[in-house]
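Protein chains in written order, with numbering that gives the first Met the number 0: chain C, 0 to 633; chain D, 0 to 507.
There could be a bad hint or two in this list.
30 Å max Cα-Cα, derived DSBU-like pairs, lysine-lysine [what the hints assert, rightly or not]:
id: 1; chain 1: C; residue 1: Lys262; chain 2: D; residue 2: Lys226
id: 2; chain 1: D; residue 1: Lys67; chain 2: C; residue 2: Lys425
id: 3; chain 1: D; residue 1: Lys67; chain 2: C; residue 2: Lys482
id: 4; chain 1: C; residue 1: Lys533; chain 2: C; residue 2: Lys482
id: 5; chain 1: D; residue 1: Lys90; chain 2: C; residue 2: Lys425
id: 6; chain 1: D; residue 1: Lys216; chain 2: D; residue 2: Lys505
id: 7; chain 1: C; residue 1: Lys519; chain 2: D; residue 2: Lys260
Just so you know, the hints here were simulated from the structure itself, not pulled from any lab data.
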Amino acid sequence: MKQKNRQQNQAASPKGLVRTQAFSRQLLQAMPWLGGVFFTLFAAVVLVGMNSDYLFTVQERSLFLDNPIFFQEQTAVPGGIFHWAGCYLTQFFYYPALGSALLILLWLGAYVVMLKAFHLRGGWSVLALIPLFALLCSIVDLGYWLYNIKIQGYWFSESLLFLAMMSGVWVSRKMHGRWRLLFLVVWIAAGYPLMGWYALMGGAVMAIAYASRLCEEQNERWLLPLLGGLLIVAVPLLWYYYFNQMRLEDAWVYGFPMFRAEKATSLISSAPFFVIAVFVLLLPVLNLKEDGRYSLPALLLSFGGIAAGCLLTLWANFDDYNYHAEMRMYRHVAEGEWGKVLDEAAAIPDRPTRQMVILKNIALMHTGELGKRAWHFDNGGRLPHTRDDLKVHMVQTGTPMIYYQYGKFNFATRWAIENGVEFGFKVNDLKILARCALLNGEMEVADKYITLLEQTTFHTREAAMLRELYRYPERIAEEEEFKIPIELNHHDTNMLDSDNGLCEIYLLHNFSNTMNIDSKLLQEVTLNYAMISKDIQLFWPRFFQYATLHKGEQMPIHYQEAAYLYGTLEKSSFINGMPFDRKQIEIRYLYFQNTVQGHLRRGLSEQQVGELVRAEFGDTFWWFYFFCNNVNSY
Amino acid sequence: MKTPYYIYSDWSRYFCFCIILVLTGCQHHPSVPTEFADTDSLPHIYPDYTDVTIPANIAPLNFMAADKGTDACVAHFTWPGGEAVYGQDNKIIIPAGEWRDMLAAARGGSVSIVLYTHCEDAGKWTRHRPFRFHVSEDEIDPYVSYRLISPSYVGYEMLGIYQRDLTSFDERTIYNNMLVSGERDGQCINCHSYQNYGTRNMQFHMRQSLGGTMIVKDGVPKKVNLKTDRTISAGVYPAWHPTLPLVAYSTNLTGQSFHTKDVAKIEVQDSESDLILYDVEANTVSTISAVGNELEVYPAWNPDGDTLYYASAHFVFNDSLEKDFDAINRYQEMKYDIYCRPFDRTTKRFGEPDTVFSASAVGQSATLPRISPCGRYLLFAMGGWGCFHIWHPDADLYLTDLYTGETRPLEQVNSPQAESYHSWSSNGRWIVLSSRRDDGNYTRLYLAYFDRQGHAHKAFALPQHSPEFYHQFLRSYNVPEFMVEPVRISPQEFAAAARREPVQAKDE
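Looking at chain C on its own, in the form it has when it is part of the complex (with noise of 0.2 Å):
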């Protein structure tokens, strides 16, 4: 009869609807397949193709250590063994295409566990895509946040918990009568301190499935999910009185990522995991079964979903210029490769922000070209770009190396000892502490933080090279690495202090009021802070003591253009008498005057003015000294 049908149809239908419905039958059946290989080309694309910086950057804001007390501290808080195991495998983005290849091999188990935990089949598999499109979400979303997270390994706990939560939904589903309920006790009873919220989600699907269609048991349809809640109701009140890190009113969410900092809450960084909980809540609900009936709507409703996925998962990747430049610099600057450092410099589109243009100057010191060149780049001062109210701190995204690197071993040590303290130690702090004991001359200090570095994964050949210098340290010295930071220390003189939380501002103060004759290098970094603080009155006995220290040299072009302009400013009869380059100086700075003067003469704003002439004098002290405003340290 049903032939008969089929032959009626095929005879009503033209050929070409046919072949349609056919292919679209086989396209929703391998549907499943289609949609895992496709999400797995998406997330290598987002993740090694457009984070591969932020992937190195999240294993150096990252440790893990081999050894008991770190297992002991991870594991204090429900949830704990998979952040330290989210810890070891976040070690594996120090080759971002290594980690990534992890991460989606851990979500495509995910995927799988998926389609068979809720029997997922044909188009409907591309539901099991939410979840994962969510966890790819949630590690490219973060933003300024990676430098304020401190949930540790977050970038793959989460992914596992989610893996064990749908395996132990997979497995319920697996067992009848008494056993299930055996499970479901067991679940969210000794699930909770393995797996903290996670369990009690587990738990709560599987008391909506049993009371779903799904379960066929008509008597435990209710017995089980009135348990399970009781459970979800009374298991962490027991457990809280067995952790002694938690807080009460914490203990049915802890394990859920929030993201909260002093002043900010991200709902959008949390957003991913609301979309996971609301979904695996709502799928044993929807008993979503294969009808038999394919077509074409269907299968557009299945690629739409994808693309719709990608599109949402574009929409978050916090693909912020500064942002991922900023780590690129900072990798450049930790390895010593200044040229790259300015070459990052050099390609920046718009404002950098000030760690940029500090690291920048890092570099122009290792070069010693910070008078040649340092104006050469834009010295301006975005404040970090994020999507919510989160205020970026320089203490916590680059402060420890750049005092390190400018000789403040102390106030180094310090922002990375802080930094641990607030967001648990890194294998960065762990780098920077090292080397400040190393160059403090505190050498059994500097043995532990090598031992703990030695303890990582990938980073035992820079604790080689740091072990080295602690078995022979008459070699650091030698180190062409310690050379700037060794001399800009070994002339600095002890004083009480504080920063106040601003590296920069401090460093501002700090250098532009010091003298020094006995290091041209900390002599320069004088003049360099002096002329960055705009003041004409700390310029020029640092610009004399230049010369006097420089004598027969050429005076870099960007001196020169200091001098000049507050020479002219002042109307000083001496610069008279200097020997100015007079092409780059002389007859340029008054086609620089006349140029901006005609234009505010046409009744420009000063920042229009600036904008205009900026492509033409954007190198020079002078553009900087007047349209360069509104520089935003933080």
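Use these hints to put chain D onto chain C, whose structure you have.
Showing chain D alone in chain C's frame:
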């Protein structure tokens, strides 16, 4: 309802404990190498337990061969009536049961240890000069409590006060600030103190969020606000009267600033400082000392409770400057001396101050006076200036014999790095002290025997199961206090008390 004591240990600690049990269960006794070279030098071990005097009830003194390149070691222990050989890689881990038997047999005598170390590069064994554990007849108090804190500067996150069973490696939480701290309402905790080594009457402070002083009276916790209109701050450094329901406190306005280059890194100074007395039963605060230009701090009772010792610096502030700026500018001029005041237990009144030790006369600064339970010895920390000696590498412990007036450094206890906070055991035979001798930055606890002749013996690190523990641990120990019994109030009970509104103390 009280929570049973044993349910609040961290599960991870329990997990680790199980692993340790399994591992120690597998402890084998290796054989002593047959071929080796002899050396006359003592072995380089960590922690340094060579020739130390230890109590018979202490946890095993596990140690490791500390020379780089040593890949294996074997230790041959001999004691009256027994011997044993231990060694696993470069560590010596002694099973708790065997250790207890060993010390019981050696009580009043000693255990001799011959260490053989194997150098990976040379491929040879070396036998070192033997060293001893001298096992004292005098037991140590079974518990010590301390705060664990990262060696932070301004910020803090997780802080905990813990109690360690000295007869084992068991460490339990007394209170952890994360039980009440949120992201925007962090809580600092500090200054735990007990009445006469017991824990039914004790206290510690909570600052910032849910702030107040947690006073435990007869085992019942209560949060009190000790700041009154007449005091410059709430209570800070405490001293429980040995028998009466009274606590002496300093009140301080404290600031800290940072050395730009000096390895000491931090200076902590008071710009104002007084002493008050809190009557726990009457809930009243009275002033002990509030003299202008005197910075009184660190009160400590003598064992009879009829004299209060304290440190005080005479510091005349420059009127033209803010006090805290002046304190920063002239931090090296702050020199603390040690004073005492007689106390009338009936009237609860104090007499006039008397100088006990004038450190300023020798250009030094003495703090943290602690009187031995026998009442004869004054133990204090002394450094070049200031009152926060844990940040001063030159700070050492000194002892004054109150009978003879003689003052001397505790040379057997001191190190080139900072020694600071210290406490006597209840029998006066043991001292626990904070020291940065390991690395100059992280404070560790050291124990030292103090014999009947008034001599301190070599200090040894608080034993941990893993000899590598201190190399890997990124927090400092501070304010070590001996206890004869554990705190039985659960951390959650303290948290519940912390959430309640504090009882306001009244001015007397």
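Lys67/D paired with Lys425/C [C-alpha distance capped at 30 Å]: 26 Å, holds
Hinted pair Lys67/D and Lys482/C, Cα distance within 30 Å: With a Cα-Cα distance of about 28 Å, the restraint between Lys67/D and Lys482/C holds, given a limit of 30 Å.
30 Å limit on alpha-carbon distance, applied to hinted pair Lys519/C and Lys260/D: 20 Å, holds
Given pair status - Lys505/D, Lys216/D, alpha carbons within 30 Å: Holds: Lys216/D and Lys505/D sit about 18 Å apart, inside 30 Å.
Restraint status (C-alpha distance of Lys90/D to Lys425/C at most 30 Å): 28 Å, holds
30 Å limit on alpha-carbon distance, applied to hinted pair Lys262/C and Lys226/D: 28 Å, holds
Given hint Lys482/C paired with Lys533/C - CA-CA distance at most 30 Å: 29 Å, holds
Going down the numbered hints, you'll see the structure goes against none, and every one checks out.
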